[in-house]
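Colleague: What follows is the residue order along each chain.
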Amino acid sequence: GAVVSQHPSRVICKSGTSVKIECRSLDFQATTMFWYRQFPKQSLMLMATSNEGSKATYEQGVEKDKFLINHASLTLSTLTVTSAHPEDSSFYICSATRYTTSRGGSDTQYFGPGTRLTVL
Amino acid sequence: GDSVTQMEGPVTLSEEAFLTINCTYTATGYPSLFWYVQYPGEGLQLLLKATKADDKGSNKGFEATYRKETTSFHLEKGSVQVSDSAVYFCALSYSGGGADGLTFGKGTHLIIQP
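Residue numbers (this note's numbering), protein chains in the order written: chain U, 475 to 594; chain P, 12 to 125.
Just chain U, with the same shape it has in the complex (with noise of 0.2 Å):
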């Protein structure tokens, strides 16, 4: 249990097109969602937080406006990389939470695999 997927798993795009990147958990239900960046041979970023039914909480330095997280579900987050240029280039990863009772309530965060955003 407690798998998280990411579509899709690779994009390609031109510059100044927006590209969505849906995360879903989907054998329980996220709590909380995450998302990372990862540039080759770094550490992965915390970009935002978000919890279904509320505004993300960016990181400092994130563009709010071009980043777009939306968690609509207790199952689905999505981040959309508005107006996207050669430097959004990256590997995005989403985490979610999984609630539960036991050990003072949140538990692990479950990893998606992973989107390589190219942008020409």
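In short, the hints are calculated from the structure, not lab data.
Nothing here was measured: the structure is a model prediction, and the numbers come from that model.
Even glycine gets a Cβ: it sits at the ideal position worked out from N, Cα and C.
Treat the hints with caution; some may be incorrect.
[What the hints assert, rightly or not] Partial pick of chain U residues on the chain P-facing surface, computed with a CB cut under 10 Å:
(1) GLU496
(2) LEU518
(3) LYS529
(4) GLN534
(5) PHE541
(6) CYS568
(7) THR582
(8) PHE585
[To be verified] Calculated from the model, a selection of chain P residues having no Cβ within reach of chain U, i.e. all distances over 12 Å:
(9) THR16
(10) LEU30
(11) THR31
(12) ASN33
(13) GLN49
(14) LYS71
(15) THR76
(16) VAL93
(17) ASP95
(18) ILE123
(19) PRO125
Position chain P against the provided structure of chain U, taking the given hints into account.
Modeller: Chain P alone, transformed into the frame defined by chain U:
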């Protein structure tokens, strides 16, 4: 801000060798510490965690002890297998792992040769 530093890879070992991957952290508070593993083509998976000083996390033969005095959380395994080949990430968080985002190290690519 908080940060995690881990040894750069790739680390190449022979099967049955002893493994150590170093991880140190800087933090303003008292975080929980984690090791995640990423196998080729898959998402990150939690390998083990420790939530307070002197705690030892263990799983699948891997161990790591939360050392507050040296701000370290080194990953060890006594005898590695080819199937342990993966990228290993050290991370910290101020929750048990679910409520807050994680701060990651850069990852260490481990290659185990038969």
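Colleague: Can the hint on GLN534 (chain U) be confirmed by a CB-to-CB distance to chain P that is less than 10 Å?
Modeller: 9 Å, holds
Colleague: Taking the shortest Cβ-to-Cβ distance between VAL93 (chain P) and chain U, state whether it exceeds 12 Å.
Modeller: 22 Å, holds
Colleague: If I take the minimum Cβ distance from THR76 (chain P) to any residue of chain U, is it greater than 12 Å?
Modeller: 20 Å, holds
Colleague: Would you assess whether THR31 (chain P), listed as outside the interface, keeps its beta-carbon beyond 12 Å of every beta-carbon in chain U?
Modeller: 20 Å, holds
Colleague: So, LYS529 (chain U) near chain P? Judge it on the closest CB pair being under 10 Å.
Modeller: Interface hint status for LYS529 (chain U): violated (16 Å vs cutoff 10 Å).
Colleague: Please check whether the beta-carbon of LEU30 (chain P) is more than 12 Å away from every beta-carbon in chain U.
Modeller: 20 Å, holds
Colleague: Hey, does ASN33 (chain P) actually stay past 12 Å from chain U on C-beta?
Modeller: Non-interface label on ASN33 (chain P) holds, nearest chain U Cβ at 15 Å vs cutoff 12 Å.
Colleague: Just double-check ASP95 (chain P) for me: nearest Cβ-Cβ distance to chain U has to come out over 12 Å.
Modeller: 19 Å, holds
Colleague: Holds or violated: LEU518 (chain U) as interface residue toward chain P, Cβ cutoff 10 Å?
Modeller: 4 Å, holds
Colleague: Can the hint on CYS568 (chain U) be confirmed by a CB-to-CB distance to chain P that is less than 10 Å?
Modeller: Interface hint status for CYS568 (chain U): holds (9 Å vs cutoff 10 Å).
Colleague: Would the least Cβ to Cβ distance between GLN49 (chain P) and chain U come out above 12 Å?
Modeller: 8 Å, violated
Colleague: Would the hint on THR582 (chain U) be counted as holding, given a Cβ-Cβ threshold of 10 Å to chain P?
Modeller: OK, holds: THR582 (chain U) within 10 Å of chain P, min 5 Å.
Hint compliance for this structure: hints 1, 3, 5, 9, 13 are broken, all remaining hints hold.
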